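Student: Below, each chain spelled out in residue letters.
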Amino acid sequence: MAALLNVDNLQVAFRGPRGEVPAVRGVSFSLGREKLGIVGESGSGKSTIGRAILRLLPDSARVTADRLTFEGQDLLGLSPRALRNLRGRHITMVMQDPRYSLNPVLPVGDQIAETLRVHGAGGRGRELYRKVLDILEAVQIRDPERVYRAYPHELSGGMGQRAMIAMMLIADPRLLIADEPTSALDVTVRRQILSILDDLVSRRGMGLILISHDLNLVAGFCDRVLILYAGRVVEEIEARNLHACRHPYSRGLLASLPRLEQPVGELATLQRDPAWLDGPVYRFGEEVSR
Amino acid sequence: MTERSLAAPPRLLGTRLTRRIRSLGGLLASLALTFLGLLCITFLIGRIIPIDPALAIVGDRAPAHVYERVREELGLNLPLWQQFFIYVGQVLRGDFGTSVLTGRPVLEDIARVFPATLELATLGILIGVIFGVPMGVVAAVHRDRWPDQLVRVIGLVGYSVPIFWLGLVGLLVFYAKLGWVGGSGRLDFFHEGIAPSVTGMILIDAAIAGEWDVFRNALHHIVLPAALLGYFSLAYISRMTRSLMLEQLNQEYITTARVKGVSEARVIWVHALRNILVPLITVVALSYASLLEGSVLTETVFAWPGLGRYLTNALLAADMAAVLGATIVVGLVFVGVNLLSDLLYRLVDPRAR
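For the protein sequence lines, the chains are G and C, in the order given.
Under my numbering, think of the first position of the first sequence as 1, with each following residue one higher.
Under my numbering, think of the first position of the second sequence as 1, with each following residue one higher.
Please keep in mind that the hints were generated in silico from the structure rather than gathered at the bench.
Keep in mind the model is a prediction, meaning the values are calculated, not measured.
It cannot be assumed that every hint is accurate.
What the hints assert, rightly or not - Label pairs and their in silico Cβ distance ranges: (1) C/A265 x G/L78: 52 to 60 Å; (2) C/N250 x G/D186: 52 to 60 Å; (3) C/A265 x G/T188: 35 to 43 Å; (4) G/P17 x C/E247: 15 to 23 Å; (5) C/L17 x G/L78: 45 to 53 Å.
As the list claims (entries may be wrong) - Here are some of the chain C residues that sit facing chain G, going by a computed Cβ distance under 10 Å: (6) L107; (7) E108; (8) D188; (9) V259; (10) G261; (11) H271; (12) R274; (13) N275.
Said to hold, decoys possible - Where chain G lies over chain C, by a calculated footprint (3+ residues, C-beta under 8 Å): (14) 161 to 174; (15) 344 to 351.
We put the beta carbon where it would ideally sit given N, CA and C, even for glycine.
The whole structure should be built from the sequences, with the hints applied where relevant.
Tutor: Below, the structure is given as structure tokens:
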């Protein structure tokens, strides 16, 4: 299977008043038509990786990589026009909170149609309208005509996130980056959104990067998991083997989760070790020194 | 609770319509109340200031019985609350009294001077918006780079240089030296009285009458003062636009638009700009209202027969009927502009409907 995305030694640093602050330090992975999870605490650089792939980082960020390609195309060298062509149509991203990620003054349907319109795809008039209704139905919205005309503040969080997914999938992209797509939602709605996402991604044969801080969610949803510590991948592992992870940081993360079947009086606290920054890392259970 | 019941209930349209009618009714009621408050304040101002209207009419050498008779005719011997009701009744009938200075009914005077100010202020605010908003947007997009600095300097000059000085220099350069614009006044002498007055705004009157020579001459006269007022409001409008835009450009929905592949121009001019319209309308409405008040300095420098000059002259001559009439007009202008911006909010922001 040819890889969709190849990332080799990705580095991101933010220029600040006191010099550069590294956010991502030498991250490498490749992605086929599969579901990859990236987990880590807040500040570990997981969102930055997603935004670096789409070149969304502000000018103050310095992004370098030995290789950052999408279907063989170098992402770092793209012209603004080529980049626009790529975004929305080939690579897209679902963001955290639909209350902020949808434009408050435009009808939801127009925002979804815009994805097709800016790429000159999907026709116009009734044909375009029909396509938007179709994708709204695909994300399991039962009254698509009403949602088309609705403004974001008239939708619940779950509905808003479905509209967001519709907007990002309508142009049939091949890679979707989902940046904490369920963190802002009610617990009851999370599962629905994930299953919609899962269904659409597998049916369309897309690649998916799921960025999350939620180990359980990622373990249950993804094929493969990258565990990120301070901008560095300390462990890469099959999701089903996550319980057998070896890096002390991964083990610490697992140990700090509450378990229904084994209640403990006090949850373990994660002890961090600065040596992890350049200590050994683990790939599929094997220690790799670098 | 299921996802479906969280969403808005069906039959939304009916409730939305009644809600809109109700909120419009509330708006009109609050406007009426504002107007009554305005009348109350102008009335009290007229009674509190140490100018005796009777004395102003008869002069200080009139015998006491003449003075008393005039006081009675003016109703000044009645209790204050009774005077107020008479005053409100007169105003509602459109009777603002007679101006001592011009000898004509105040309403007639205002009908003559207000269109001059309206014409000038409207053109001024148009210039301010047409240049100020794009300048503010460009400054925000190129934050801290040279376009931003340029806009900042232009705005700073607009703020800090006295407008009468700019007016005099403008007249010297563009009228006296270059001859690009007309001089002071609204028209050259030989163009006066050709187009019949319909609206009192010469540009519109001339266009209605098809007198294009008059139109061109009026445009020559208005362009410099309007540009100055426009420059003055541009300074404020561009500054506010910049900070409003900076706030929006950091929002997450802007990232969403970029992720979709929307061009940077569309991100800025459609997605972000639509979201600053509500506060921007407030900014523009306040600038417009302050221009409509009549800019005394500009009107004086350009000998423009507008509301500002009328009010100032009336004040200096202790012509109270004219002062109160003009004050009510200024108050009405503010109420009207506020009403207009309220209606515009509903148009541009779905959350305000």
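Student: Look at each hint and say if it fits the structure.
Tutor: Results of checking the hints against the structure:
The hinted range of 52 to 60 Å is not satisfied by C/A265 and G/L78, whose Cβ atoms lie roughly 18 Å apart. Between C/N250 and G/D186 the C-beta distance comes to about 27 Å, which lies outside the given range of 52 to 60 Å. Between C/A265 and G/T188 the CB atoms are about 41 Å apart, so this pair conforms to the stated range of 35 to 43 Å. The hinted range of 15 to 23 Å is satisfied by G/P17 and C/E247, whose Cβ atoms lie roughly 22 Å apart.
Evaluation of the 45 to 53 Å hint for C/L17 and G/L78 yields a pass: the beta carbon distance comes to about 50 Å. With a least beta-carbon distance of about 42 Å to chain G, the hint placing C/L107 at the interface is violated under the 10 Å criterion. Residue-level restraint check for C/E108 is violated (minimum Cβ-Cβ distance to chain G is 45 Å; threshold 10 Å). The interface hint given for C/D188 is broken, as the beta carbon of that residue sits about 48 Å from the closest beta carbon of chain G, more than 10 Å.
The interface hint given for C/V259 holds, since its Cβ lies 5 Å from the closest Cβ of chain G, which is under the 10 Å cut-off. Interface restraint check for C/G261: the shortest CB-CB distance to chain G comes to about 3 Å, inside 10 Å, so the restraint holds. Proximity of C/H271 to chain G holds as hinted, the smallest CB-CB distance being about 6 Å (cut-off 10 Å). Nearest Cβ of chain G to the Cβ of C/R274: about 5 Å, under the 10 Å cut. The hint holds.
With a cut of 10 Å, the hint placing C/N275 at the interface with chain G holds, because the nearest CB-to-CB distance is about 6 Å. With 0 residues carrying a beta carbon less than 8 Å from a beta carbon of chain G, the region 161 to 174 of chain C misses the three-residue requirement, and the given coverage is violated. With 4 residues bearing a CB less than 8 Å from a CB of chain G, the region 344 to 351 of chain C meets the requirement of three and the coverage assertion stands.
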